[in-house]
Every structure is written in C-alpha cells, then in structure tokens.
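Student: Following the hints, position chain B against chain A.
Line by line, the protein sequences are chains A and B.
The letter at position 279 of the first sequence is residue 576 when you use the working numbering, and the numbering goes up by one with no holes.
The letter at position 310 of the second sequence is residue 483 when you use the working numbering, and the numbering goes up by one with no holes.
No lab work stands behind these hints: they were computed from the structure.
Positions of the beta carbon are idealized from the N, C-alpha and C atoms, including for glycine.
Hints should not be assumed to be uniformly reliable.
[Stated by the list, open to error] Quick look at which bits of chain B chain A covers, simulated, 3 or more residues with Cβ under 8 Å:
no.: 1; region: 218-224
no.: 2; region: 238-250
no.: 3; region: 283-294
no.: 4; region: 416-422
no.: 5; region: 535-549
no.: 6; region: 583-595
[Stated by the list, open to error] DEER-style ranges, computed between Cβ atoms:
no.: 7; chain 1: A; residue 1: Asn505; chain 2: B; residue 2: Glu577; range: 55 to 61 Å
no.: 8; chain 1: B; residue 1: Lys519; chain 2: A; residue 2: Glu689; range: 49 to 55 Å
no.: 9; chain 1: A; residue 1: Pro596; chain 2: B; residue 2: Pro320; range: 33 to 39 Å
no.: 10; chain 1: A; residue 1: Pro381; chain 2: B; residue 2: Val330; range: 51 to 57 Å
no.: 11; chain 1: A; residue 1: Lys327; chain 2: B; residue 2: Arg419; range: 49 to 55 Å
no.: 12; chain 1: A; residue 1: Asn356; chain 2: B; residue 2: Pro320; range: 23 to 29 Å
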Amino acid sequence: RYFPLLHGPGVTPKTIIIFELKAELNNEKKEKRKEAVKKVIAAMTVGKDVSSLFPDVVNCMQTDNLELKKLVYLYLMNYAKSQPDMAIMAVNSFVKDCEDPNPLIRALAVRTMGCIRVDKITEYLCEPLRKCLKDEDPYVRKTAAVCVAKLHDINAQMVEDQGFLDSLRDLIADSNPMVVANAVAALSEISESHPNSNLLDLNPQNINKLLTALNECTEWGQIFILDCLSNYNPKDEREAQSICERVTPRLSHANSAVVLSAVKVLMKFLELLPKESDYYNTLLKKLSPPLVTLLSGEPEVQYVALRNINLIVQKRPEILKQEIKVFFVKYNDPIYVKLEKLDIMIRLASQANIAQVLAELKEYATEVDVDFVRKAVRAIGRCAIKVEQSAERCVSTLLDLIQTKVNYVVQEAIVVIRDIFRKYPNKYESIIATLCENLDSLDEPDARAAMIWIVGEYAERIDNADELLESFLEGFHDESTQVQLTLLTAIVKLFLKKPSETQELVQQVLSLATQDSDNPDLRDRGYIYWRLLSTDPVTAKEVVLSEKPLISEETDLIEPTLLDELICHIGSLASVYHKPPNAFVEGSHGIHRKHLPIQHGSPVSAGPAAPIEQAQSVIPSQGDLLGDLLNLDLGPPVNVPQQSSMQMGAVDLLGGGLDSLVSDGHSHRIANNRVYLFGLECLHVHISLFIVYLFPQIWLPAVKAKGLEISGTFSRRQGQMYMDMTFTNKALQHMTDFAIQFNKNSFGVIPTTPLPIHTPLMPSQSIEVSLPLNTIGPVMKMDPLNNLQVAVKNNIDVFYFSGLIPLNIFFVEDGKMGTFLYFFIFFMSKDIYTVSGKLQNDNIYTIAKRNVEGQDMLYQSLKLTNGIWILAELRIQPGNPNYTVKHPPNLNSPHSELRSHLLFLSVEV
Amino acid sequence: MSASAIFILDLKGKVLISRNYMGNMDMNKVDHFMPIMMRMEEDADSSPLVTHGSAHFLWIKHRNLYLVAMTKKNANAALVYSFLYKMVEVFKEYFKELEEESIRDNFVTVYELMDEVMDFGFPQTTDSKILQEYITQQGHKLDVGAPRPPATVTNAVSWRSEGIKYRKNEVFMDVIESVNLLVSATGSVLRSEIVGSIKLKVVLSGMPELRLGLNDKVLFEITGREKSKTVELEDVKFHQCVRLSRFENDRTISFIPPDGESELMSYRLNTTVKPLIWIESVIEKFSHSRVEIKVKARSQFKSRSTANNVAIMVPVPSDVDSPKFKTSTGSCKYLPEKSAVQWNIKSFPGGKEYMMRAHFGLPSVESTELEGRRPITVNFEIPYFTVSGIQVRYLKIIEKSGYEALPWVRYITQSGDYQLRTN
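Only chain A is shown next, with the shape it has when bound in the complex (with noise of 0.2 Å):
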C-alpha cells in the first residue's frame, strides 16, 4: 500500500488509520466529525488503542448532536484516566453542560463527570454536582445522587468535607421514589467502606419515608431500599411487626431479586417476634409458596434461590418441610440446580417423606451424570443415618445399586455403608459378605480405605478376614495415606480379635509402618500400636477395640454463628458461595460483620458473645453420644495385665525395656483396684457442650478511642497463652507509651509481661503483638463468666474495653482422651487438691479454684476425641461426701441443654 508522500518513512499501515481520522475529527462538516468519532468509538470498541486522539476527540465535545455528545463523553471515560492532563480540558464542557437547559445533557454530564476518575479533576466537579442535588428535575437528581457515591469512591475525605453526604440524607427525604431509591443506594455502598456504620442514620421516622417509597419505585429501587432495611434493627417487637407488614406485599413481585430482598428483611426480623404469636406463625407460611415460586424462574435465578434455600432450610426448616417435591430433579435440570436439589431433599428429608425421596435418589443413582450419582449415592446414607426408620431400606438399596457392578456406585456405596456401619453398629453385618465380593474393583483410596475398615472392624465375624487384610498388604507403598493408615489399624484390630493366627501379618505391617515408611504420621500411630502390643495387650485392646461415640446425623450443618451472618446475606454472593464476605471480598477486614438482631429482654449479649450461645445448637445429636460414653459398660476387661500378655501371646517386638516408659505405674493401679459402681444415675447433671471458634475480631475500635484500633484473638501455643492483638493507629499523630492491664476476672487472667510495643507507632502503621498471659491474678467471678476487661493506655488517653476469652485457650495441650471412658474418681477426701489431683490423672482439668461462702469451687475442662469440651464446675463443701456438679452458667441455652447422668465410682486403693 501506498501512504501520502507528507507521511514520510515510519507510517504503518496502523498507524495511517489514526492519522486518517485525525484529519476526519477536524473537518468542518459536522457531519463529517460525528462519522469520525463513530469510526473512533468503533475502533475502541474492538480494542485498538485511539488515545492519542485525545485532543481532537474532545475538541469536538462541544456539539449541539446528542448522539456524538454521547460519544464523545464514552471516549472520555475510557481515556481520561490514561490522559489525565488532556481531561482537564473537558471540564469546561462538563461545568458548562450541567448548566443546559435539557435535564438529559444535565444528568448526562454529571453521570459521566463520576466516571472520569482523575484526582486533578474531581475538585472542579464539586460545584455542578452540588447544583445538580438540588436540580428541580427528578432525572438530575438521581443522577447526582449516584454521582456522589462515585465521587466517594475516588476521593472520601473530599465528599465529606465538601457535605454532600448530609445532601445524600437529605434526598432521603425527596418527593420523587427513584431519587429517594438513588440516594439509599448511594449511601448503602459508601457506608460499606466508611467507618460510621449508622451512615444512613435509620430511625424510624426514615424507615417510614423508605417503606412509603418503597411502594412507589422501580423494581431496582424497590431492592435497594429493601437491603437498606435489612440493616436495621427495629426496636422491639412492634415496630419489626409493623415493618413486615409493609414489606410482606413484595412477595408477590414479579422480580425474583425483589423477592429475596423482602425474604431477607423477613428472616431478620422474626428473630425478633415471639414465636408464639398469631403472626410470627402467618409469616412464616407466607414465606413458603414465593420461595417455591423462585425455582421457576432463570436457571441461573433458581441456583441462586436453591443456595439461599439452603440456609433458610437450616434455619428454620419448618417453612419448607412440606415442600419436598419441589425439590425433586427434573432431566433437565443443569447440573448444579440438580446438585443442589438434591443437597436441599436430604436435609428435607424425614420419617414423613423417605420413602418418597427413597424413591427418587435410587432413579437418580442410576443416571449418568457421575458426580451427581455419586452426589445421589452419598445421600442415601446420609438418609439412613438422619432417619433411622429408613436405614434398612437405604441398606438394601444401596446393595440394589452395588449389584449394578457400575464402579463408581459401587465404590460410592461402599464408602456411606462405613458410615451406617458407624451409626447403627452390630446390625447390618451380613452384607459383609456381598461387600468383599468387590474388594479388586475398589480403585479410589476413599472406598478402599472405608472397606479395609469394615474388614478389621468385624475382623471377628469375616472367616478370611487375614486374607483380605494381606492382599492389600503387598502394595503397601503405592497405596495413599489414608489407606495406610486404615490398614494398620484394622490389622491390629484383627491380631487383637484373632491374635494366634495373625501374628506374622501384625509384624509384617507394623514394621512396614514404622521401618520403611517415611511418613511421620504413619510411623507414629505404628509405634504406638507396637508399643501398646508388646506392654500392654489388655490396654491395646481396651484402648483399640473400644466403642466408639456413634456418628451424628447431620455432620454438614454449616456452623450457627456463620448461618447467622449468612441469612444477614440473603441474595447476595456471600450467600451462594456460603462464606461470609470477608473471605472473598479484598479489604474488607475492618468491616462490621452482620449479625441477626437479638430479641430484646432475652439475657444474651450481643456481640462476641453470641457464637458461643449458638455454636452448641450444632450438634444436636451430642446429647445422645455423650449420655451413651458415660452409660459404656465397664465390665470384665479389667485384669492384671502382665500375665494376660503372656496368654495372649503377644509378641514381645521390641522387649521390656519400654515397659518403663510407657507405663507410669498409674493406669496399672487402677487396673488392679476393684472397681464399685455406687451410685448410678445418683444425680442429675446439666452439661453444657460448646465449641469455641476463634475469629480475630475488633475488641476497640478507632472511633472509640481517638484514633487507636486494637483487633485481636486469644491463643494457646507450647502450652502458653497468648493475647494476640493488632494495634493500628488510624490517627494522624503518633502514639507511644503503650501499657496494658486487666481487671480482675474468673480465672485470675494477668499479662505475665508489659504490652511488647517499645517503638512509637506512626499514623496508618499496624503493629502485631503477642502478650503472654498466665492465669495467677486475682480471681473475680464475671458475667460472663470468660469476660475479661482490658484497660490499654498511650500517650493520648485511657481506654477500656471487654473482650470474651474463648475458653479453649485453658485447655492444656494433652488434653486429648484415650479412646476409652473417662469417668470421675473420687477420694472421700476433704482435700481439694487431692480431688483435683485424681480428676487430673484422668484428663480432667482443673482451670481454677475460688472459695466462696466456705466452698472449694473447681472448674473443670475435659475434652472428648471429637473436639467437645465439657465445663463443669465442682462444689466441695467441707464434711460432705458428695460434690455437686453444675454447668457453667453463663453457657445455659435451651437448646443444647444436655441432662445426663453421671457415673459415680469410687475406687478403693
């Protein structure tokens, strides 16, 4: 091709193109000019880059054209940022088209104004913006609206100073919906970034202006104001009644998105009617045919309801229980409204319906969608485990699908047997059978480990159960971890149930597992099992083929505190992924989590407190498991160990030297001691389960305390606890002279040094410390009981606060329960410390001791092999032989409330 000899060398066929409509953007024919930007905005559209054509663009913003106005406005937000100097010559435009008298080049300019964001530019865009907010055409207005939050967005400290937040509020109060739909919307999203979390200032006079909007706007404003709501707290029941009441007739729009906004304030807001009124029971059957409604719409739409379902399901089941076949999965389903589908059907699923939904998962396990298969197969066990009832049909179905040899199902299968056998041991045992006959097509380290479990579980009832083991034996190496392990202990299991037949094989994989393999974890466990077999074969047995705590129901509850945050998040991301938006939103750490608003009257704290109160309602079933670890038999297996090892022929592998070490005298003492059983179900006793979770969280916040921010967890690492605290100093002068100190509290907690902050911290500078902490202070009872009390000074002020100590961090290290009973021994003896002393040899723990009114108090911690930790606290009165055991009070919920009955033994030495 041939190029304009005034080119000259250096021109491309690239380049000719933007010289081409350089000269088209200044031709004096206007329409001449339009086609060019046409061509240029073409251009950008796929990607080329016409920045250089900054100048010429602009030159022709100046136009009485609407459409190239337009244009050349969409050229400007692409480019300014890229040409910052060159932008400033819009700004007379802009100034000059807030002021036209058409309301559409108004809004047009603010609009595009917003979305120039340059620093430079910004100061001069105040004064329009500020005429435009109080612009006598609604269009500007709610234009202008939006603007500010783009303004914030670019420079906060500006929008603040220059008070357009106040013009915000007041548009809160405008005539027209839309502008007052614009300015909630507006100041939802800055008070996601700003540390004034009241930005909105709802009381209910606003609330009312918002609620008579609501009825007037678009859809799309009908949702901002509805998720604006959601963040309020009424303040008592009447006025949460009387909001319901005005937001229940969104249910019936047509705009699913409106519909889980209002279900969203609704969920909120039962919380805090009584559950016994007329209406709170009115509500919550209104809530049920929209949400079914919400599965036929979009696919996309519907996967959306189906995770948001999911979480109402968990929180209040009794709205959906009906509704179960809504749920069942249609052919053409995509995949993921299938899974969830079918994720919703087993926590609907009960004694009412299984049969039906029986019914459906085994059609779905025939499919061929593997992972929905598998998805379905996993179900059925789940159902067996949920309703007893049904467990010997899901039993025989689940053997149905292994006869369909489909590998995948049958390995499946093979995996939530394992997890029956687990619930409901000694009962389906005579399937064993069928089971092996698919041990050579067993290929995934899951089923192959879950059947290798079974083996050695029923060791005792399976004729070959030594051939099986072995043949898994050969490729010891190649198998994964999991399997490893499995296999070592079921072999144990074996050798400990049929000891003269299995010697070599018990050898064989010991020394496998301790001598050639590299993995730490598998060595370990091999030497504890070779130690436990050559010392002490009637502990080893004790200790390996002990009952073990049935498996709980409902083993993928999503925990309490989170399901609480994440119905905070209906219809948002956070409530699809099922995380809470700190875990996938940047920079949202300093954010206020939401929480469901408390019912007042009720004795529960807000705040730090509430996890605790809701965690327990996680294990449901607990009660059970627990009343069942305490009622274990005691019976026979005690003996004197050392002649039984010589009738069971154990192998002596690594000869007595170890006796010693692992033996501390102690366990055989109370092997020899006669064991009475006095005083069965002798008293009645509330122990309170809970779990603690740690999340950093901010004890003192910088508006509180002129500036200084303080965040922070508690911890326990080498058997130290620590206070583990961010210091950020978020004002503009520095702070030095940092000291620290508690208030007396409950379990006597003192810092052991001062706070380790020797360097001044400079503004926006953080500083992370680790305070050592011992528990030898003054002890006072607080309330809650784990409340502690923080004093921190610097060189501006004294400030306070309170934070909740998780009681996890009293916990000491091995606190961890051999796989038999524990069980309370008690010296008729009026000596605490002996008593403390014996509870401690058996893992209960002794945290502290107080003396009140002539009692000894002790406060016990055990914690059981599946992470619960049991509180209690003992009464010793002085003369009397019995002590009372009481639970913690300040972990008193309805809920998880667990009356069991405790064994009394005392031993006689």
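Tutor: Just chain B now, with coordinates in the frame of chain A:
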C-alpha cells in the same frame, strides 16, 4: 452493590462490547473468564458463578452471546442475574433479536442503552417502552427536539407515559396455563403443577385505572361468596404496575397498565389434576439386535375440548438404525439429532386413546458410552380451556375522559415441563 462492569462476549470469549461502571477493577480480568469456563466444561461441571482471584463473574448465555457481570464485592447476585435477563429483554425490544450480529451493527445504541440502564452498578430504568421514548436510533440535534427524559422515568408510574391516544379503546387478555408434570417410571405422579399467566395487550388512551376480577378463592371468602367455583392461587406474582399492598389488603388487583403488550401477573397452583395426556410406554431393548417401543397416549379431559399439535417425544438409544413405525393416528418421525421418535397428532380430542409402535435396529457392536434414561416429553395446547378453572370475571376500565372500552379474553392451556420417566 452489584456489577463493576458488564461485558458482552462472543462464544469464544472475545469482548464485543463492555461498559465499565465503577472503574474499580481491571477490565482485562475478563480474559480469565473463558479459560475457566473451558476448564469446567472439561470436568463436566458448570456454574453460573465463576471466580478468578478477587473477581467474580456472574454470567448468562443468550444465543451466541455471553452476558457477564464482573464484581469484586459481595454483590446482590439475584439482582445481577435478573438485571442481565432484563438487559436481554431490552436489547430484544430494540434489535428484534439479540445476537452477535445485532450487537456489532448497533454498537452506538448498545452503548447508549448500557449508559442508561445502569449507573455505578445500580440498575436504573429498564422499561424498554420508556427507554424508547428518549433513546432512539436516529441522531438528534439539541435545538430541534432533542428528547428530554420523559417524566415517566422518575414518576411513581414509571411504566406508562401520559398522552397516549387511540381511536378505539380495547384490552386483549390471554390467560395461559402451563402444566408441569413429573411422572415416575412406575407411573405415579411425583409432581404436578400449574403455572398460569395473564398477558395483556392494552390499546387504551390516557391514564386508565383498571381492576381485574378473578374467581379467586381467597377473595370470595373475604366477600362471603363461597358458592361459586373458585380457584386457590398458591402464589401470585405481579407486574410492577399492580398495587401490591392493595392486593395484600383486600385481594383487589388494581393497576394503571403499561401500553401495549405485557405480562400482568403469573400464578402457581399445586393442586393435583389428572394428567391431561397420559402416556404408557414399553421400551424394550434387545442388545445387539433391536429396540421395540409401544406407546399408548390417552387424553384425560372432557370430550368437548381438543388438544392441538400434540407432539410426543420418545427417547431411543443414540445408535439405532432402520426405524419402522405404526400408528393408529398421526405420524412418526425419527429425529437422530435428538435420539428420539417424535409422534405428532394434529388434533387429539378428549377421552380418546391412540397407539404407536416403533421398531429400530441396533448395531451388533454396541457403543460403550452409558446413556442416561431420558424421559418421554409431551407438547400440546388445548384452546378455550383452563385446567385450574380460573376465570376472568370482569375487567373494569375507568379513565377520566370517560370513554367506553372493550375487554377481550382468550384462554389456553399448554404443556409446560411435561416429563414421564422411562425404565
């Protein structure tokens, strides 16, 4: 709150057009979208929400286009998906059909619309009729009649402009009921649902006030007229124009309608009705030799009604050959691309029963691929009939000029998601 940016991509993931609404994210991040989608497809996985680092992509697909919203915040996902579908609707109103071609041909209008329907991630006006009043496809000069934002945009009545005039005032109503059915392989009805909708075509002048009367059970109970035949609507959804609080209070459906065509309301009923067309089937597969299919179709509605354009799709294995059919009525067609036999019956009166037999050959070498057990699906429509028994009792039209207007109504029942599982 919602989207930082919205992209329209072609099937290969190339950006056709985009709009950066918040300016807080790198627009190039969208390049990660397609690779993630491809990876998921390889794993036979799919999700309407994909993530790359801090970027979340919410997408829908329309013909040969992907509409993708990108955000890095905890956006309102329900809002984003509804908005994307609304965008599709708006574009379709403007360009008849939304596809790659129409985006390329109309990029200036697309930009204008994208600028108007969303601002800083907040959806604004998405009513295409109103948008068409001020975003038109011809250029304007400012002095000679450049459009102004119609007052409608910000009015409480944001769906109807003032000053509409017709010589003849009429309203046409379509009451359409779709029957969704799911029947197990053993022939028991697992789910049956009626989803109804009332569509309007409004040809009325001025700002008319309309009131629609249905034989709604709840309404009749309130007003104490329990004798007449009524319908219990399980859940009702209304167009923006219906006063929801009024309906919540006294079940009155009152509204100022949008001009032209719109869906006024939809409703859902779970009442178990006798399946309108019942299918019994035997599909026998003799490996390596043949497949034999016997299908019996029975119409279970009153004989005065007739189902039209009945199409019964029966699944067959994908590797069958040499089809042979025999039917008592209608015609059969083998559709290899769908691996199904389609049995068409133009007119199927109530209370009748028809038979179809099909015979296929199977190759001696069988494909190893497992095939899902697809259900039999049925399409049909029955005019002048509603399964639920819903009836429009009146439509009152009041306009201050006092004109007389005629309401018209048409009823039809059709198949929705109508599936019968096979063995």
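Student: A separate judgement is required for each hint: does it hold in the structure or not?
Tutor: Each hint tested on the structure:
With a threshold of 8 Å between beta carbons, the proposed coverage of the region 218-224 of chain B by chain A holds, since 6 of its residues qualify and at least three are required. With a threshold of 8 Å between beta carbons, the proposed coverage of the region 238-250 of chain B by chain A holds, since 7 of its residues qualify and at least three are required. For the region 283-294 of chain B, the proposed coverage by chain A is satisfied: 6 residues have a C-beta within less than 8 Å of a C-beta in that chain, meeting the threshold of three. A count of 5 residues in the region 416-422 of chain B with a Cβ less than 8 Å from any Cβ of chain A is obtained; the coverage claim is therefore met, three being the minimum.
Check result for the region 535-549 of chain B against chain A: holds, 6 residues qualifying (beta carbon to beta carbon below 8 Å, three or more required). Requiring three or more residues with a Cβ within less than 8 Å of a Cβ of chain A, the coverage given for the region 583-595 of chain B holds, as 3 such residues are present. Our hint of 55 to 61 Å for Asn505/A and Glu577/B is violated, since their Cβ atoms are close to 41 Å apart. Lys519/B and Glu689/A have their C-beta atoms about 51 Å apart, which keeps the hinted 49 to 55 Å range intact.
Remark: the range hint 33 to 39 Å for Pro596/A to Pro320/B is upheld by a beta-carbon distance near 37 Å. Judged by the Cβ atoms, the range 51 to 57 Å given for Pro381/A and Val330/B is violated: they are separated by roughly 43 Å. Distance hint check for Lys327/A and Arg419/B: the Cβ-Cβ separation is about 52 Å, which falls inside the suggested range of 49 to 55 Å. Taken as a hint, the range 23 to 29 Å holds for the pair Asn356/A and Pro320/B, whose Cβ atoms sit roughly 25 Å apart.
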